[in-house]
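K.L.:
Sequence:
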Amino acid sequence: MFSGSETFSAGHGVSTHGMTELPGGTTAERLAARGPVAVAARHATLATLAAEAFDIVIIGGGITGAGVAREASLAGLRTALLERDDFASGTSSRSSRLVHGGLRYLEHRELALVFESSRERRTLLRIAPHLVRPLAFTWPVYAHARVRRWQLAAALTLYDALALFRNVQRHERLGVEGVVRHEPRLRRDSLLGGARYFDAATDDARLTLSNVLSAREAGAVVANHARVESLLRSGGRIAGAVVHDTIGGASVQVTARVVVNATGPWSDAIEALAGAPPGDRVRGSKGVHIAVPRTRVGNTDALTLLAPQDGRVMFVLPAGDFTIVGTTDTYEAVEPAEVRASDADVDYLLAAANHFFPGATLTSADVVSSWAGLRPLAAGASGGDDPGAASREHAIAQRMPGMVSVTGGKLTTYRAMAAEVVDAIEQVLGVPHVRASTETRPLPGGEDCDVKREIAEARIACADASVATRLVHAHGTRWRAVWALAVDDPALAQRVDAARPYLLAELRYAVAEEMASSLGDLLVRRVPLAFETRDNGRAAAARIAPLVAGWLGWDAAATVDAVAAYDAEVTRMFGRYISSAEGP
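Our numbering puts the first residue of the sequence shown at 4, with every later residue one more than the last.
Please note that the accuracy of each hint is not assured.
Unchecked claim - Label pairs and their calculated CB-CB ranges:
no. : residue 1 : residue 2 : range
1   : F118      : A56       : 48 to 58 Å
2   : D564      : P493      : 27 to 37 Å
3   : A561      : S237      : 32 to 42 Å
4   : D324      : Q154      : 30 to 40 Å
5   : G314      : G278      : 42 to 52 Å
6   : T160      : R184      : 21 to 31 Å
Note that these hints are calculated values from the structure, not bench results.
Ideal Cβ positions, reconstructed from N, Cα and C, are used throughout, including at glycine.
Please model the entire structure based on the sequences and the hints provided.
P.N.:
What follows is the structure in structure tokens.
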């Protein structure tokens, strides 16, 4: 019988610090000789899903489901993780890319959430230093703003205290000159001073994927592009799922003692499949971000701002060559898969950025990309007509025998949520509680990872500072396994796009070892090229499609279909509504 690690380790030769040898030829030749390894691995996974009885089946491969899979498999539970599209293809790849304590939640007196978030931020900085990195924030205070200087100082003192004074650094109060020293292009009119504090930035999609990989390495069987069509029942209980492989076309039955609904904005649909009685529905709050050239804005670090239109908390964030501005916070009734930015959302963010950075003079033509995610606010979360006031606490419920649902929460606290879900599962199963120690076990690539040292070594290896930084930030200590492909086949040392630091070797590695099965998997989530090019990666997709076809066994017609599917995916994700019924 296949174990989870055997099922998906396509090359069986990638170790933590490099490629171990397989007989004959270069690494690239060996992988090619094995045929389309991702296809073979996928067939093996479906066979394992059909043949075995699992303790738990998790539906939903976003950050919550991935975290639960890691926690459960490390606790010794036989685990399967199913994702309809790709891991992190929903809200988990459309966030503000922050791991933060939730300073703004103090305004709503959610002290317990801030304490938990601060603890989890500290944990993630420790177990995934390549993916979660400290980020300095400046919060300027202007005359007539709803948050005064003394209020900000008091809030940041409490913020530091709730972090047990173990944040990257304690906050610093700033006068006008101090603020301008840190952010010289910031608006000075009516500026009274401000403060500087620390949170952390992350790559949300890769953080999710890292949890999936960790679960797989702990024995979980994981499958993306695996849509749950219906739920199985036995003796009045939910007992598994019928799963359709959207790539190969086969359907299998997967049996489990407990099914976990971790589908975020899609939670109500899974509850309906289960026949759960009517109850409070999950409510979606839309968050929109835009990416613009950083040179136009000129921000040095990150900023926390109060939008001039309505006083809502928003961020201006550094992202390499780009500045990300976000986010909005509006209730949205659209289907989760169809959520996108509107022209009104983009205009709102541009107006706010121009207000604080008057030299930017941004217009819609400066927007490289705009995207939206749907936050799944827990059923019954209060907030009235203001989604910004709704709690970001999570909720765990068992409304049907055999099914546990988790909703709400936030990216930062995913690990704590997952631990609580597994506690609930262990109670349902009647098994002893096992502590998985996920708070100390590094995520893949985080093992003995000194980021500065790794970047220095990668720079020596590849002689390209930007590529070296990218490889380490994405893969941690495992960057060597990616670079080994480029060493064996110099063609893979080429960039996917001349202006971006992503190598073809990363894509090859993603197919062989990270379950990438489509052009969208590769250019939206394994590398974020779609967010960083004005055509959202369409030209790159067409250019690399014949190469990817060889890796995945596509014929000519399938290759054409793959490019069309990519175009449809990025149109759906990055296209805009002409108007928004509720505004930003």
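K.L.:
Take the hints in turn and mark each one as holding or not.
P.N.:
Going down the list of hints, with the structure as the test:
no. : hint                     : in the structure
1   : F118 to A56: 48 to 58 Å  : violated, 39 Å
2   : D564 to P493: 27 to 37 Å : holds, 30 Å
3   : A561 to S237: 32 to 42 Å : holds, 38 Å
4   : D324 to Q154: 30 to 40 Å : holds, 35 Å
5   : G314 to G278: 42 to 52 Å : holds, 44 Å
6   : T160 to R184: 21 to 31 Å : holds, 22 Å
When each numbered hint is compared with the structure, a violation occurs for hint 1 only.
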